[in-house]
Amino acid sequence: MKRTYIKFRCSIYEKKLLRKRAERAGLSLSEYCRSSAFGNPVIERLTGEQLAHYKMLVKYKVNFTRISNMFRKHNPKLAGEVEQLAEEIRTHLYNFKRTKQ
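Everything in the sequence shown is counted per the numbering used here, starting at 3 for the first residue and increasing by one.
Because the hints were derived from the structure by calculation, they are not lab data. Just so you know, even glycine gets a beta-carbon here, dropped at the ideal spot from N, CA and C. A few of these clues could be false.
[Claimed, not checked] Below, simulated DMTMM-like cross-link-like pairs (lysine to aspartate or glutamate); rule was C-alpha separation at most 20 Å, straight line:
(1) Lys63 / Glu89
(2) Lys61 / Glu51
(3) Lys61 / Glu89
(4) Lys61 / Glu46
(5) Lys9 / Glu51
(6) Lys63 / Glu83
(7) Lys22 / Glu46
(8) Lys57 / Glu89
(9) Lys18 / Glu46
(10) Lys79 / Glu89
(11) Lys4 / Glu16
(12) Lys22 / Glu33
(13) Lys61 / Glu33
(14) Lys4 / Glu51
(15) Lys75 / Glu85
(16) Lys9 / Glu46
(17) Lys17 / Glu46
(18) Lys63 / Glu33
(19) Lys17 / Glu33
(20) Lys61 / Glu83
(21) Lys18 / Glu33
(22) Lys57 / Glu90
(23) Lys63 / Glu46
(24) Lys79 / Glu46
(25) Lys63 / Glu85
[Said to hold, decoys possible] Quick list of the computed label-pair ranges, beta carbon to beta carbon:
(26) Tyr7 / Glu51: 10 to 20 Å
(27) Tyr96 / Arg74: 21 to 31 Å
(28) Tyr96 / Arg47: 33 to 43 Å
(29) Glu83 / Ile8: 52 to 62 Å
(30) Leu31 / Glu89: 20 to 30 Å
(31) Tyr96 / Arg23: 36 to 46 Å
(32) Ser13 / Phe40: 16 to 26 Å
(33) Phe10 / Gly50: 46 to 56 Å
(34) Gly41 / Tyr7: 18 to 28 Å
(35) Asn42 / Arg74: 43 to 53 Å
(36) Lys22 / Asn97: 20 to 30 Å
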């Protein structure tokens, strides 16, 4: 149970920015400030549009991997290029996942 208040001064712009960041993270302003003050990573939640794009990229990566496997024996050069594309998508997905968590 939290009963003690801590006040700090900031500009109107800073307050709006803090409130917006807390909203994106799905936290109250005080929870956001507490987490930031203690050095805990504050994770912003994905919007519906971002989540849809992430899922689409996952499907593309899987499909390109399947295409690469299908052409592996008949056309190794094409299979290698498609596999490289799937690997680039995987790298972007990994970096995206790592920065949002």
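Against the structure, the hints:
no., hint, in the structure
1, Lys63 / Glu89, "8 Å, holds"
2, Lys61 / Glu51, "16 Å, holds"
3, Lys61 / Glu89, "13 Å, holds"
4, Lys61 / Glu46, "23 Å, violated"
5, Lys9 / Glu51, "36 Å, violated"
6, Lys63 / Glu83, "13 Å, holds"
7, Lys22 / Glu46, "11 Å, holds"
8, Lys57 / Glu89, "16 Å, holds"
9, Lys18 / Glu46, "16 Å, holds"
10, Lys79 / Glu89, "15 Å, holds"
11, Lys4 / Glu16, "24 Å, violated"
12, Lys22 / Glu33, "13 Å, holds"
13, Lys61 / Glu33, "36 Å, violated"
14, Lys4 / Glu51, "36 Å, violated"
15, Lys75 / Glu85, "13 Å, holds"
16, Lys9 / Glu46, "24 Å, violated"
17, Lys17 / Glu46, "17 Å, holds"
18, Lys63 / Glu33, "37 Å, violated"
19, Lys17 / Glu33, "14 Å, holds"
20, Lys61 / Glu83, "18 Å, holds"
21, Lys18 / Glu33, "15 Å, holds"
22, Lys57 / Glu90, "16 Å, holds"
23, Lys63 / Glu46, "24 Å, violated"
24, Lys79 / Glu46, "41 Å, violated"
25, Lys63 / Glu85, "9 Å, holds"
26, Tyr7 / Glu51: 10 to 20 Å, "38 Å, violated"
27, Tyr96 / Arg74: 21 to 31 Å, "24 Å, holds"
28, Tyr96 / Arg47: 33 to 43 Å, "19 Å, violated"
29, Glu83 / Ile8: 52 to 62 Å, "57 Å, holds"
30, Leu31 / Glu89: 20 to 30 Å, "42 Å, violated"
31, Tyr96 / Arg23: 36 to 46 Å, "24 Å, violated"
32, Ser13 / Phe40: 16 to 26 Å, "23 Å, holds"
33, Phe10 / Gly50: 46 to 56 Å, "34 Å, violated"
34, Gly41 / Tyr7: 18 to 28 Å, "21 Å, holds"
35, Asn42 / Arg74: 43 to 53 Å, "46 Å, holds"
36, Lys22 / Asn97: 20 to 30 Å, "24 Å, holds"
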